[in-house]
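> Listed below, chain by chain, are the residues.
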Amino acid sequence: MKTEKDSRGTERLIERLLQSSALLSVFTTLAILGVLIFQAADFFLEVSIIEFLTDRRWTPLFTPQHFGIMPLVSGTLLVTIISLLVAVPVGLGTAIYLSEYAPDRLRRIIKPILEVLAGVPTVVYGYFALTFVTPILQVIFPEMIVFNALSAGIVMGVMIIPMVSSLSEDAMLAVPNYLREGAYALGAKKHEVALHIVFRSAFSGIVASIILAISRAIGETMIVSIAAGSTPRLTMNPLESIQTMTGFITQISLGEAPYGSLEYQTIFSVGLTLFILVFVVNIIGNYLIQRYWRQY
Amino acid sequence: MEKAKDNRRTRELTGKIILGFSLLSIGLSILSLAIILGDAIIDGLPYFDLQFITSYPSRFPEKAGILAALAGSIWIIVLTTLFSFPLGVSAAIYLEEYAEHNRINRLINLNIANLAGVPSIVYGILGLGLFVDGLRLGRSVLAGAMTMTLLILPVIIIAARESIRSIPREYREGAYALGATKWEVTRDIVFPQAFPGILTGTILALSRAIGEAAPMLAIAALVYVRFVPSGPLDRFTVMPIQIYNWVSLPQAEFRGLAAAGILVLLVVLLSMNFVAVYIRNKHQVRM
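Those protein sequence lines, which keep their order, are chains A and B. Position one of the first sequence corresponds to residue 1 (my numbering), numbered consecutively onward. Position one of the second sequence corresponds to residue 1 (my numbering), numbered consecutively onward.
Among the hints, a few may not be true.
[What the hints assert, rightly or not] Think about it this way: if two alpha-carbon atoms lie no more than 30 Å apart in a straight line, the pair counts; the simulated DSS-like pairs of lysine-lysine are:
1) LYS189/A <-> LYS282/B
2) LYS189/A <-> LYS16/B
3) LYS189/A <-> LYS111/A
4) LYS190/A <-> LYS182/B
5) LYS182/B <-> LYS63/B
6) LYS16/B <-> LYS5/B
7) LYS16/B <-> LYS111/A
8) LYS182/B <-> LYS111/A
9) LYS111/A <-> LYS190/A
10) LYS190/A <-> LYS16/B
[What the hints assert, rightly or not] Stretch-level coverage of chain B by chain A, calculated; a stretch enters the list once three of its residues show a Cβ under 8 Å from a Cβ in chain A:
11) 47 to 56
12) 262 to 271
Derived by calculation from the structure, the hints in this document are not laboratory data. Only a predicted model underlies this, so the values are computations on that prediction, with no experimental measurement involved. C-beta atoms are modelled at their ideal positions from N, C-alpha and C, and glycine is treated no differently.
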């Protein structure tokens, strides 16, 4: 027969086991930081941080080698900005329609379609950018080369539309109905309620959705690896071939850089930069979301 | 009088513009999805046949197939499921049923939220440093599956927690009233009730994993695999890597192969999603 003491011991053991699975998440974060910092430290023994942050060239694969992260950061920024120019208007338009205009039945059809759009693998988006969008753009800009920031940026914008629309729609739906009714009582029309009441009340939630979409765009890898080229260049011209931080990491990964080589360590120094950037953007986004949900 | 009329006309016009703009946005989103899928289907169908599924990659487009990558993807998904399901469910059960509101658990919660926002390529780098080189697993199926496990664990935990949270408290209290211990309640009441929801969340997370190219590239690299992995320590490639490889080759025939590869990937994805939705709907009817 099991005594009460035995069973209490088993209960405690089980709780410990379950807890250790939950603690694995903390371990993962520590491991990410540990691996990135440990390997990047070796890199920064060879290359000074000053050079890393201020040199305007990134040529780790040619001589003379230059290790300035700026061209990769500018490439990432350029593609991100283009993607926002697509995703913010379209995503917000979609969110306004879904939250203010769409009848329930239509919403039940459209939302799953947007979820499918969000679930398409990124390598498929990359294929679409290179084989469909780029040829069309080349008709409009004949001087543009095959690998360019514009095509990758536009398609990345399509990819993040569902992120912007679904989080913004959540924020708009959370606006209490009495605010809408108050405006209608004053004689406002539907679009005036949508713009002046709902959009404004949900504004910080909408900003948060855009910021989280930015973080997604910064970390996106396959679209830029396939369609944006592999030429690190400090430029804001969308018709040129560029390289993003993620694109560079992919390029080195393909070649199986040997463990311990400087080339191998560049993966981690660029990865660390990417991680810090995304981390900061995420913290801002999550802070805004929490502040927004506390409001209502 | 005139002015009031003008004002009304402007207001009506603005209303139409706003409605038109939001309708246009919806149309654009749906149209893009249709074009993305249609483009891949039109390009890929001519190359999509049994020989494509049963052949290894080749320098000659007419002989090339996706067998090695398909097998690699299946290996990765099976191992990832074995690792991530028990870990994810245990973590979710702990956080929902056991955890008190103290500092460690707040830290765990914050961590899971943050991990869900880390770019997938960073997990690839983590796997490269930790599993491939740190644990000396090499560029193996095992290293790939362990990396993928860390990548999708936050998603599984979040989905499993939602499912566990939706179980009415009365169920648990009824069992406690009969003298059950906490573990007995968890094992016999909470887990069976939450299982369909957890399963749906896990399948959806795995269907995301099967489309991930970036972290697998960091682990497996671009390797010419002409075999089906026979053990967890073998080298491998997965479907998204093979597709990426074909897209980056200049000849048009290889683009066609890439599109055919996309079709295989989408068929696998759709069937997984179909199963997930089926489980969810079946469960909803019963509740």
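> Which constraints among the numbered hints does this structure fail? Numbers only, ascending.
Violated hints (numbers, rising): 1, 4, 5, 8, 11; every other hint is consistent with the structure.
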